[in-house]
Amino acid sequence: MKIDRRSFLSLGIGVAAGTAFSPLPWKLMDDVSIWTQNWPWTPVPAKGESTWVNSVCTLCPGSCGISVRKVDDRGVKIEGMKDHPVNQGGICSLGLAGLQLLYSPDRVKTPLKRAGKRGEGKWVSISWDQAISEVAGKLKELITGGQAHTVAGITGGGPNTLSRLFKRFLTAYGSPNFFNIPSIDDSYRLALQMMNGATPDATVGLDLENTDFILSFGCGLLDGWGSPVHMFKTNTAWRKTQARVIQIEPRLSRTAAKAYQWIPITPGSEGALALGIANVLITESLYRKDFVDNYTSGFEGVVNASGELQKGFKQHVLDNFSPKAVSELTGLDPAAITLLAREFAKAKAPIALFGRGQGKLPGSMDEALAIHALNMLMGAINQKGGIYALPTPDSQTWPVVPPDAVADSGVKEPRLDGASSDAYSRLNQLPPAVLSGKPYPLNALLVMEANPLYTMSNSKAVQEAFDKIPLVVSFSSFMDETAQNSDLILPNHIYLERQEDAPLPAGFSKPVISLSKAVFKPLHNTQHAGDTLILLAKGLGGSVAETLPWKDFEACLKQAMGDKMEPLQKTGYWVNTGAVFPDGKTTFTTPSGKFEFASSAFCPGFTPVKIEGDASYPLLLIPYDTMRLASGYAANPPFDTKILEETILLHQDGLIEINPKTAQSMGLSENDRVLLQTPRGQANVLIHLEEGIMPGVIALPRGLGHTAYDAYIAGKGVNLNGLTGPVADPISGLDAAWGIKAKLSKA
Amino acid sequence: MKAEENHGNTKKFGMVIDLDVCTGCGSCMVACMAENNVPFRKDESDKLKSITWMRVYKLSNGKPYPETDICYLPRPCQHCEGHEGHSPCVSVCPATATDYDMQTGIVSQIYTRCFGCRYCMAACPYHARYFNWYDPVWPKGMEKYLNPDVSVRMRGVVEKCSFCIQRYQAAKNRAFMEGKADIEEGDYQTACTQACPAGAITFGDLNNPAHAVYKLKKQPNAFRLLERLGTNPKIYYLSSREWVRRAGDNYLKNEGPAKIG
Amino acid sequence: MDSAFIPNGVRRCAPGKFLVVLAVAGAVLLWGVYAMLLCWFKGLNQTNMNNNYGFALWIWADLAVIALGGGAFFTGFLRYIIGKDELKNIVNYAVLIGFICYSSALLILAIDIGQPLRGWFIFWHANVHSMLTEVAFCLSCYFGVLTIEYIPLILENRGIDRVPFLHHLGHNMHDIMAVFAATGAFLSFFHQGSLGGVAGVLFGRPFSYREGFFIWPWTFFLFTWSAAAYGPCFTLLITKITEAVTGKKLVKDNVVELLAKISGWMMVTYIIAKIVDTLYWANVTAPSKGLTLMDFYSHNAFYGVWILILEIVIGGIIPAAILITDKGRKSPAARTTAFVLAVIGVCVNRWVMVLQVMAAPVMTFDKWALYYPSWQEVATTILPVAYGVILIAISYRYLPIFPQEPELNPID
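So the protein lines, in turn, are chains A, B and C.
Per the working numbering, the very first residue in the first sequence carries number 204; after that it's consecutive.
Per the working numbering, the very first residue in the second sequence carries number -9; after that it's consecutive.
Per the working numbering, the very first residue in the third sequence carries number 11; after that it's consecutive.
The hints are simulated quantities; they were obtained by calculation from the structure and are not laboratory data.
Predicted model, so just to flag it, every value in this text is computed and none were measured.
Worth double-checking, as some hints may not be accurate.
For lysine-lysine, the following DSSO-like pairs were computed, each having C-alpha atoms within a straight-line distance of at most 27 Å [what the hints assert, rightly or not]: (1) A:Lys285 - B:Lys205; (2) C:Lys377 - B:Lys48; (3) A:Lys273 - B:Lys162; (4) A:Lys864 - B:Lys170; (5) B:Lys134 - A:Lys724; (6) B:Lys48 - A:Lys443; (7) C:Lys52 - B:Lys32; (8) A:Lys443 - B:Lys205; (9) A:Lys724 - A:Lys273; (10) B:Lys39 - C:Lys27; (11) A:Lys250 - B:Lys205; (12) B:Lys37 - C:Lys52; (13) A:Lys273 - B:Lys130; (14) C:Lys377 - B:Lys37; (15) A:Lys663 - A:Lys641; (16) A:Lys325 - B:Lys170; (17) A:Lys273 - B:Lys170; (18) A:Lys285 - B:Lys39; (19) A:Lys250 - B:Lys162; (20) A:Lys864 - B:Lys48; (21) C:Lys377 - B:Lys39; (22) C:Lys52 - B:Lys130; (23) B:Lys39 - B:Lys134; (24) A:Lys312 - B:Lys32; (25) B:Lys130 - A:Lys724; (26) B:Lys130 - A:Lys250; (27) A:Lys443 - B:Lys32; (28) B:Lys134 - A:Lys312.
Some chain C residues well away from chain A (every beta-carbon gap over 10 Å; in silico) [as the list claims (entries may be wrong)]: (29) Leu117; (30) Ile251; (31) Ile328; (32) Ala343; (33) Tyr397.
The beta-carbon is built from N, C-alpha and C at its ideal position, and this holds for glycine as well.
Sequences and hints are given; from them, build the entire structure.
In structure tokens, the structure reads:
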């Protein structure tokens, strides 16, 4: 057949028309659209049986009850546990994102041994047997060399059973160097100890639900202070009871924005303002005279060591802290101070609180005592709506095993931080001690549930100190900065995979213990740190093994919890309803047997914390905390970084808050790139103009600038700790720094 | 038909958000993302490309220090009723991929039908609608936590807050299994409502006098966003601060929220 | 080489030169195709659009090319329905330009949607309340009409015409072209108006929203009217450019002047209606939503009152004034200036009705959102231009687009 142009064209048209009228194109079109609805690279979550498991969240000291939804063995959602006394169903953004931590591909999945240089990120997987024998071997070597005391342990777990076991392990081993991560709790405990005669292991109790006037000296009550969700619930209750929150801080934080009144004052002058208020209360006789007269000492006068009568708190305050004098220190109008004092006194159940932001740092003791003196003046001690010391639930029912000779002499060595005990760990003193090698070098450091390399200020010195420690062992299942810079990682289960008791939440009115459950079978080859400690003890043998005689941590926990274990396993929490706080007349262990405004040992005054930096640094850099940034051991999971405002983090850059007036005077505008310098370090940041910050003050959030964890948080923003340094408090020796001088220049 | 269009005796789910209580912590945002399989990327700081069905806005009174005041405002989809169910977005969708349900008042979104023209986004004055500019990708292993009750959206479609409609379905199923005629207030609550640590969000049937939202929406401090546009939204806000209420809508100089009513 | 396909009585450049033109335009086209493939395979993250800018450059380009392509339906309408016979000398070109514009619009839409493979859902699951549904239906139908109007032109090619079947097909199609012209005009009245409705019905967007009488029929009318008024200007402008490129006079002045005059008067009426619309919106509609005119033209780095002046005065009143006066119309320079200004005017109008709508904040705590397109968006928007150049070049070379060309440019 001859194909001419005509037949070719006709054929073509015919084929086209035929195809169009056949079902083929329509079927194809339909199939393709169905394919787009089921793209193989878009995941389809598997169905299954849905169950709920109650547990407790230990990502922060808040200890909220959680309900975890599981579909078969997958965890699909974490919610707040409805009837839990701490959070009553509420939950914070970090707790909600917990499954992102559980399922993170960047977890430490098996014991690791460093292969390359330290911090290089080269690891070899080792077995648990090898991991235990390596660490136990090193620790044995140190015993043999008489160096048991040169081992230190740091824990961020708070006062729970695991921490106690850790301390017991170190003590039995022969080291006095057990460290807690210090926080504002230490200052509260110390203030209660000094002024109210509480024991050092008591926890501060706050009956905040029953207060009606909260004088907050910079406490981020709605920014993660105390037990965060509990504070949110309390604040909502305050709205209903019309309780007033007065927020005193130089920056319009979330707490300040929600407060009845925001009073910005010169940063660092909080203690002076407290004493100024005390001055008005005394001058105008607004304080609770009956309480002060009957239950306190040191108000009118103090008898010193040589038996002479000295000025008491009252005269001290009257002489030095008139509203006028305080006005100069705080920048607040004298009339405003007087008015504030009158309002405070007028309230039925006023309370004064200290601890900046989330209370990450202990702060100045002078300031703590001055503020707590206001509670004493108003009689808010051991009263409804007041502050009191909660006894630690008696859980120390472990056998007493006498230490061997090595341990006995080891624990008698001075601590590296110079503190008399671990009750108030001066962690900030550890790096200088390590660097100087005095009183003795640190040969091994064990880090549990903490990330000191990131969370401690003066990062540079901390890193140098780490570099000097021959052996660093991490128990982390997160590849955090500390784990990354360790020699061996013996990964703990993550909080959702292990059973343990959650410590008493800070600032709660009743003693509550919650039980964290193994909601999930461990995903990886990790091991409960409690079991690891017990195995290490067995590896060391002798009295260490005898002191940790349990077959596993569960047995140890059972013994520690005693008869509380049953209710804990049943409901997930235990409340000591019997621990009703005393009525203000209980006996105290203060020298005078009364609450002490002042004694021969102390008198609340105002000594400004020395802030680093000379006149070449014209600005003041202060840290701030936000609920959207985890700044402790756990770093932000992806969801929480996602909800960070673009005024905090823009792409990889952190932003610094500055008042537009200050910025204008320096020729800076929004999102300008600047070099931020402090005496401790420098960083590139972007400018964010914010009306709600005092001119001359600049602020950076805690929780950014990670170099570890995962690509969703590492390399974003600036770690504030690289720019600040600790300032030792003259009373407590703890870190009292609240800021540092700084300067900005266009980058 | 008429009665149905006016919702008649049917349900009309809505929220009352107390801005005096909201602290702007962001729990609602994360609760929503965790419940509804919302993806995330390494850099989410470009908020105009970030998917947040629930978004917390920060409002300022615009005054200089120290007179500055700020307020946080959570903004889920407003589930506008418009005029007889003609919400701004529903009426413009060319493929009927979004719908106003007369039985519940929920504005739904059918992801498999949406072909991504984004006309609904242009129509929504609240920016409550989000486009999947990227393929959703979870880090290896993290897809384990995905909720089987909510389908994962593919690239190229629009998504938005659904009032956690899967929870409504589940509540209805439970009620049916238990032989109950209807669900109760507590049976169906959105993820954000439940999570809010401050208890700022109240969710329920705006038509039901027994539900808390019924009374709350009538409080003198209650207002809705952009009410003057006629969107007829189902999210009510409460604020004791006048400047916040004023920020809820546009007003000429001589007008104010009270005057408009 | 290809002389057998070149129409009788006209002269065309050497094949080599022609191929160079095609190659240059083809390179640009390939660049656009590359960007298009990126958008299809990697998704719309290749663009700078975002959740505030669901509609952006592409939708503007769509609206603009459809307005500019309006020359096709209106010229056809004048020629076949009104009976302005002289316009037969330009209607071919108007149809070709219209065909290019509408096919480009469809292509851009196919790139613009997030799920192009199920774009047909717009027909299958059609929502009759949606302006976009109406636009899609009418646009597709009218594109069909334009194709049918373009086919007889193709069939007039000397080579193709030699096939008897095609010769007769072409002949018969010519005879019924009036029917299609009428259909085209009818469809255009609908979809041009609906395109106005696209932004006009958005009651959540006070910048574009028009109420009551001012949405129906006013806004619909404004869009149809503006396409009818400005479309011919674009046809004439492209004709002018073609003449400049080819160095030949292709259409007689009386034809150009006639179309320009009609266009000018259309513009006059349109711009009056537009001013009335703007005044009512600024004084009644916007204030009823608590907004003043200046709220839409201040507090941002780009949109100021200048854009309103550019659209209405510079792109509306001035070209209209030129074209309705004898003097202006008869001066080639003034006339061409008017065409340029008119094209700018209508493009700015469509820009404002798409992008400024997205840019202006509605919630009081929202901010102006400015946007600039990514190179992928620009490339895919230029793609149709390159494609248009190629199609015009080929059509001009091989088809008798300009009936007056042999007469105006006699071969010795």
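Quick rundown of the hints versus the structure:
1. A:Lys285 - B:Lys205: Within the cut-off at roughly 24 Å; holds.
2. C:Lys377 - B:Lys48: Measuring from Cα to Cα gives roughly 12 Å; hence the hint holds.
3. A:Lys273 - B:Lys162: 21 Å, holds
4. A:Lys864 - B:Lys170: 63 Å, violated
5. B:Lys134 - A:Lys724: 14 Å, holds
6. B:Lys48 - A:Lys443: 24 Å, holds
7. C:Lys52 - B:Lys32: 18 Å, holds
8. A:Lys443 - B:Lys205: This hinted pair holds, its Cα atoms lying about 16 Å apart.
9. A:Lys724 - A:Lys273: 12 Å, holds
10. B:Lys39 - C:Lys27: Roughly 47 Å between the alpha carbons, so the hint for B:Lys39 and C:Lys27 is violated.
11. A:Lys250 - B:Lys205: 39 Å, violated
12. B:Lys37 - C:Lys52: 21 Å, holds
13. A:Lys273 - B:Lys130: Distance of about 19 Å is within 27 Å: holds.
14. C:Lys377 - B:Lys37: 12 Å, holds
15. A:Lys663 - A:Lys641: Status holds; Cα separation ~19 Å.
16. A:Lys325 - B:Lys170: 60 Å, violated
17. A:Lys273 - B:Lys170: 26 Å, holds
18. A:Lys285 - B:Lys39: Judged against 27 Å, a Cα distance of about 34 Å means the pair is violated.
19. A:Lys250 - B:Lys162: Between A:Lys250 and B:Lys162 the Cα gap is close to 19 Å, so the pair holds against 27 Å.
20. A:Lys864 - B:Lys48: With Cα atoms ~21 Å apart, A:Lys864 and B:Lys48 stay inside 27 Å; holds.
21. C:Lys377 - B:Lys39: 15 Å, holds
22. C:Lys52 - B:Lys130: 21 Å, holds
23. B:Lys39 - B:Lys134: 25 Å, holds
24. A:Lys312 - B:Lys32: 22 Å, holds
25. B:Lys130 - A:Lys724: Holds, at roughly 19 Å.
26. B:Lys130 - A:Lys250: 19 Å, holds
27. A:Lys443 - B:Lys32: 41 Å, violated
28. B:Lys134 - A:Lys312: 17 Å, holds
29. Leu117: Label holds. Min Cβ-Cβ 18 Å, cutoff 10 Å.
30. Ile251: 34 Å, holds
31. Ile328: 39 Å, holds
32. Ala343: At roughly 46 Å from the nearest Cβ of chain A, C:Ala343 sits farther out than 10 Å, so the non-interface label holds.
33. Tyr397: Non-interface label stands for C:Tyr397: nearest chain A Cβ at 22 Å, farther than 10 Å.
In summary, the numbered hints that this structure violates are 4, 10, 11, 16, 18, 27.
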